[in-house]
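Please model the complete structure; the sequences and the hints are all you need to start from.
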Amino acid sequence: MRLGKFQLFLNAAILVAAFFLHSQSFGNIKVNFVQGKIESIQDTENDSVAIQSISADQVLPYNQLICSAKGSRAEFQVGSIILRLGSLSVLSILDDQSFFLQSGSMLFCFLEETEIKLSSSVSNAIFVGSGTILIETTKNGGFKFIPLEGRGILKTEGGHNQEIKGGRLVLVLGKPSQLGDAYDLDLMLLLKTCRLINSYPNPLATFGRISLAVYSQELKLKGKYNALIGDAATDTSLQVWAFGSDETEKE
Amino acid sequence: MVPHISKYGAANLTISLHILLNFMKAVSIFSSLSLLAVTFSSGQTQREVRNRIEGSNRPDATNQISSANNAESGTSSASASDTGAQRPVILKNKGISAYFGYDTKYFYRSNPLATDGPLKQQATGMWTNTFYAGSGLGVFDYADSVVTPYIGASWTSNEYVESEIDSFNYNSTGAYALLLIQYGNGWSARAGVSYANDRSADNDTEDFKEFQPNIGVMKSYTINDSANAIFDATIGRHLAESFVIAGLTDGAKTASEKELSNTEYALSYAVNYSWNEVIITPKYRISYKDYDKGLNDGRSDLSHDLSLKAAYPITESFKLSLFYSYSTRSTDGTSVSYDYKSYDAGAGLGINARF
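Chains as they are written, first to last, in the numbering used here: chain A, 1 to 251; chain B, 1 to 355.
It is worth saying that the hints were derived from the structure and are not from the lab. Note that beta-carbon positions come from the ideal geometry of N, C-alpha and C, so glycine has one too. A portion of the hints provided could be inaccurate.
Pair by pair, the computed Cβ-Cβ distance ranges are [as the list claims (entries may be wrong)]:
| no. | chain 1 | residue 1 | chain 2 | residue 2 | range |
| --- | --- | --- | --- | --- | --- |
| 1 | A | Gln97 | B | Tyr284 | 49 to 55 Å |
| 2 | B | Lys94 | A | Asp57 | 44 to 50 Å |
| 3 | B | Leu306 | A | Glu163 | 45 to 51 Å |
| 4 | A | Asp57 | B | Asn93 | 43 to 49 Å |
| 5 | A | Lys222 | B | Lys120 | 28 to 34 Å |
| 6 | A | Lys37 | B | Leu320 | 48 to 54 Å |
| 7 | B | Asn93 | A | Gln97 | 33 to 39 Å |
| 8 | B | Ile181 | A | Asp181 | 53 to 59 Å |
| 9 | A | Lys37 | B | Ala177 | 54 to 60 Å |
| 10 | B | Arg199 | A | Asn226 | 45 to 51 Å |
| 11 | A | Ser53 | B | Trp187 | 55 to 61 Å |
| 12 | A | Lys222 | B | Thr222 | 24 to 30 Å |
| 13 | B | Ala177 | A | Glu163 | 44 to 50 Å |
Written out as C-alpha cells, the structure is:
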C-alpha cells in the first residue's frame, strides 16, 4: 500500500517535471494575428521536416522557421516584444532576444529598454534600447535598420556603434558586420505606405511616440529628394529610384 | 498713454477733452457723476474707440506658426515593400526655422464699434493687411515630448471702408515668445508672453497696449480619414494700458489707464474637414474675462464666437479663404453696458513661406 502511494507520487512528479520541460521548449511565442498563409517548419527527430500552418492564438516553440506567403502577414508576442512579420519573409526566433531574418521584412515594437540580437544571412547587429523598428533584408545579405521612433544604440561586431534616430535608415552590411550609410527618410510617407503598420487590426502601443517622431521631423524638414531608396545589391551600391526617370544606382 | 480723443473726428467734440477736463477742474462745478454724464453724452467717440479696442480681433501666433508649418504637408502615395516607401529627406541639424507671411482680408462687419444694441450698427466693409514673421528656435526631443520655442511678430493695418468711421482706422503690432511642448498622445502645452499695441492710423497715437502672459493646452485628434478636431483651453492675464478720461468715477471706482486689464479663461473647439482640397473649419470659442482695475473693477464678460472658414490652397504657400463669424458678448458688474453682437463675412488671401 505504502509502495503504491510512493509510485503515485513519483509518477505525479515526473508528469509535472515533463510539463515544465515541455513548456520550456515551446518558449513564449504567442501568435496574435495571422493574415493569409503563414507556416512553420521544424526539424523532427527522424531528420524529416514538419510543416505546420500557423493560426492566431497558437503558442510556438523557438528555433522554427516561420514563413509568410505573398500578401500574408502575422503578429507575434515574444516576451514584451511585439513582432510583426511582412509578406514573403522567412524568420527564425532563436530566443526571446535573438531574431534571424533570412529574407523579407519585420517590425519590432517594445516600450522598455531591451537588448535584441538581429541577424540576416550575412550580417548581424545588437540593438540596446526601445522603439518601433523596421528590419528589411537586402540582396547583399545585410539588412536595413529603420527606427520609426526610438532611443538606443545599434552595435555591430565590427565595433561600430551608432545612436538611432526616428526615421533614419542605417544599413547593416558585411561580415564582420559594419554600419553603412545612414539616410533620413520621409517618416510620414513611410508610415502611410508601411503595411507592417497599416495591415494589422490593432494599433501599436508606440503609436503616440511615432506621431511625435513625425511631428519632430516635419519641424526639422528642409527638403525632400525626388527619389526612393531601393535594395542594396552589394556592400558598395544602393539602388535609388528617381521619380519619373529610369532606375539609377548610387555608388 | 496720451489721450488724443478729439482727433477721432466726431462732429460734436470740438475741443479736446483734456482741455475740457482742465477747465472743469478749474471751475469745480461738476461732480464726478455729472462729469461721467457729460463724458458719455458729448464724448461718444471715446466709448467708440474703447469699444473698437475691446472688439478687436488680433492675429493669433499659434495660427501663424501652424500655417507656416503646414507648408510642406504634401506627400506622394508611392509604395514599395511591406516596409513602405523610403524617400530620403534633408533635415536641419538643430531644427531652427523661420517663416514669414502676408494675409489680406476684405470683409463686412455688422457692428465695427462693438456697440450695445442691434446686430447691425455703423456696418462697414473692412480691409486688413497683416505681415508676420517668426522663428522656431530649435526642436528638442525628449522622452515623450518635443519642445519648440518660438518668437515672432506681426503688423496689421485695419481700415474701415465707410468714410463715417474711417477716422477709427488703426494699426496693430503684435509680438510673442512661446514655448510649445507637444506630447505623443496628441496633447500639447504652451506657455508664453505676447504683446499687442494699437495705434491710431490718423493720429499716430498709441490707444492701447498690453502684455499677456498665458498658458494653454491643446488636444488634436482624428475623427475620421477626412476630419480632425482641435480642443484648446487657455488662461491668460491681460496687462493692458489704454487712454483714460482722468478723474472719472463711478461710486468708489476711479478711472485707471489699466482698467482694460483682465484675466481671461477661454475654451475653443474646432473641426478641420477636408473636402477635396478645401479645408472647412467650423469653430466655437467661449471666453470669460474677469476685470479688476479702475472703473472696470468687478466687471466680467462672457463672449461666444462661432465661425466657419473654408480655405483652398491655390499653391502650397498661397491660400484663398472665405469666412463667416458671429460674436456676442454679455457683461456684468458695470453701470455701462458693454454688451454687443456682431458678425463678419468676407474673403482673404494668405501667402506664407518657411525656410
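- Task: Check each numbered hint against the structure and report the violated ones by number, ascending.
- Result: 5, 8, 11 and 13
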